[in-house]
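S.K.: Fit chain B to the supplied structure of chain A, relying on the hints for placement.
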Amino acid sequence: MGPLPGSSREEHAGRPTGPSSDRQRRLAAVRPRLLAFARLQLRDASEADDVVQEALITAVEKDDRFAEKSGYETWVFGILKNKILDALRAQKRRGKWQSWDDDGVEEAVERQFQQTGRWTEMMRPKCWGDPESTLASERFWQVFDSCMIALPDNIARVFTLRELMGLSTRQICEEVGIKENNCWVILHRGRLLLRACLEKGWLSEAKQ
Amino acid sequence: MRMLMCWEATRLMSKRLDIELGFQERMSLKFHLAMCGACRNCNRHFQLIHDAGRWFEKHGQDESSGTAPEAR
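Residue numbers (this note's numbering), protein chains in the order written: chain A, 1 to 208; chain B, 209 to 280.
Since the hints were derived computationally from the structure, they do not count as laboratory data.
Keep in mind that this is a model prediction, so the values were computed, not measured.
C-beta: ideal position from N, C-alpha, C; glycine also.
Among these hints, one or two may not hold up.
[As the list claims (entries may be wrong)] Here are a few chain B residues that sit away from chain A, every Cβ distance over 12 Å (derived from the structure):
| hint | residue |
| --- | --- |
| 1 | Phe231 |
| 2 | Gln232 |
| 3 | Met235 |
[Unchecked claim] Distance condition first, Cα-Cα at most 25 Å in a straight line; then the derived DSS-like pairs of lysine-lysine:
| hint | chain 1 | residue 1 | chain 2 | residue 2 |
| --- | --- | --- | --- | --- |
| 4 | A | Lys81 | B | Lys266 |
| 5 | B | Lys223 | A | Lys81 |
| 6 | B | Lys223 | A | Lys200 |
| 7 | B | Lys238 | A | Lys126 |
| 8 | A | Lys81 | A | Lys179 |
| 9 | A | Lys81 | A | Lys96 |
| 10 | A | Lys126 | B | Lys223 |
| 11 | A | Lys200 | A | Lys126 |
| 12 | B | Lys266 | A | Lys62 |
| 13 | A | Lys179 | A | Lys96 |
| 14 | B | Lys266 | A | Lys69 |
| 15 | A | Lys92 | A | Lys179 |
| 16 | A | Lys62 | A | Lys81 |
| 17 | A | Lys179 | B | Lys223 |
[Stated by the list, open to error] These stretches of chain B come out as covered by chain A in the derived footprint (C-beta under 8 Å, 3 or more residues):
| hint | segment |
| --- | --- |
| 18 | 222-228 |
| 19 | 238-249 |
| 20 | 252-262 |
The following block holds chain A by itself, in its conformation from the complex:
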């Protein structure tokens, strides 16, 4: 599949020539991000490896379809998202998803608030500093990863479909088979749990 130097410019040939060496380099560079993304969404390292491999193969095979309207990496991420959705549907068919038991999630969320609906003194959200530099910090992403792992599967699935895959709540209802109202409840709980976990990890590490 490695084309000769300069062959990417032979677009008149009308047959796929495979990615240019620049795009091959970019595929290799984006691979770790694709893997991290797929792991967060699928919560299964070997399944994540598989979908990323499939996505990379598709990106190479369909290289001539890349329209250059979006960035190349965005296009590759789009391919990966489709593969992930297929994998999730397969997970669901195999019965890998547990029932929607509320395994102590409600209490964990309620513990953040007093009976009156105000924050408890312990859980009052604090300042995290500048959002841009927070997101640019590698440590923030380490905390993010461990907090995502700590989220219950069912909540994490809906949360990542919304926040990583960018599906609308209506689309999520169709994929997961829940009502939209339920979806908002789950996302609200997920965000509260993740926020509290991030704050604990991020602020305690920042102090070191």
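M.R.: Same frame as chain A, now just chain B:
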């Protein structure tokens, strides 16, 4: 206007990221946020978490853009 408690305010902060709020909801949230510093922080954190997903893809782009893209 009915006073919102923090818990309900966080519900609206979350919903706001998924669908457009109604006028009443928007006003109650705005009013609560104007008075509650903890909820203002929470609102920023929800927004940051929401942006994190998009940042994920962009970050990959930033990393690979350092590899001198071919001039076309």
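S.K.: Hint by hint, note whether the structure agrees.
M.R.: To see whether the hints hold, each was checked on the structure:
no.	hint	in the structure
1	Phe231	holds (18 Å)
2	Gln232	holds (17 Å)
3	Met235	holds (18 Å)
4	Lys81/A - Lys266/B	holds (15 Å)
5	Lys223/B - Lys81/A	holds (24 Å)
6	Lys223/B - Lys200/A	holds (24 Å)
7	Lys238/B - Lys126/A	holds (19 Å)
8	Lys81/A - Lys179/A	holds (23 Å)
9	Lys81/A - Lys96/A	holds (19 Å)
10	Lys126/A - Lys223/B	holds (21 Å)
11	Lys200/A - Lys126/A	holds (10 Å)
12	Lys266/B - Lys62/A	holds (22 Å)
13	Lys179/A - Lys96/A	holds (20 Å)
14	Lys266/B - Lys69/A	holds (16 Å)
15	Lys92/A - Lys179/A	holds (17 Å)
16	Lys62/A - Lys81/A	holds (16 Å)
17	Lys179/A - Lys223/B	holds (14 Å)
18	222-228	holds (count 5)
19	238-249	holds (count 3)
20	252-262	holds (count 11)
The structure meets every hint from the earlier list without exception.
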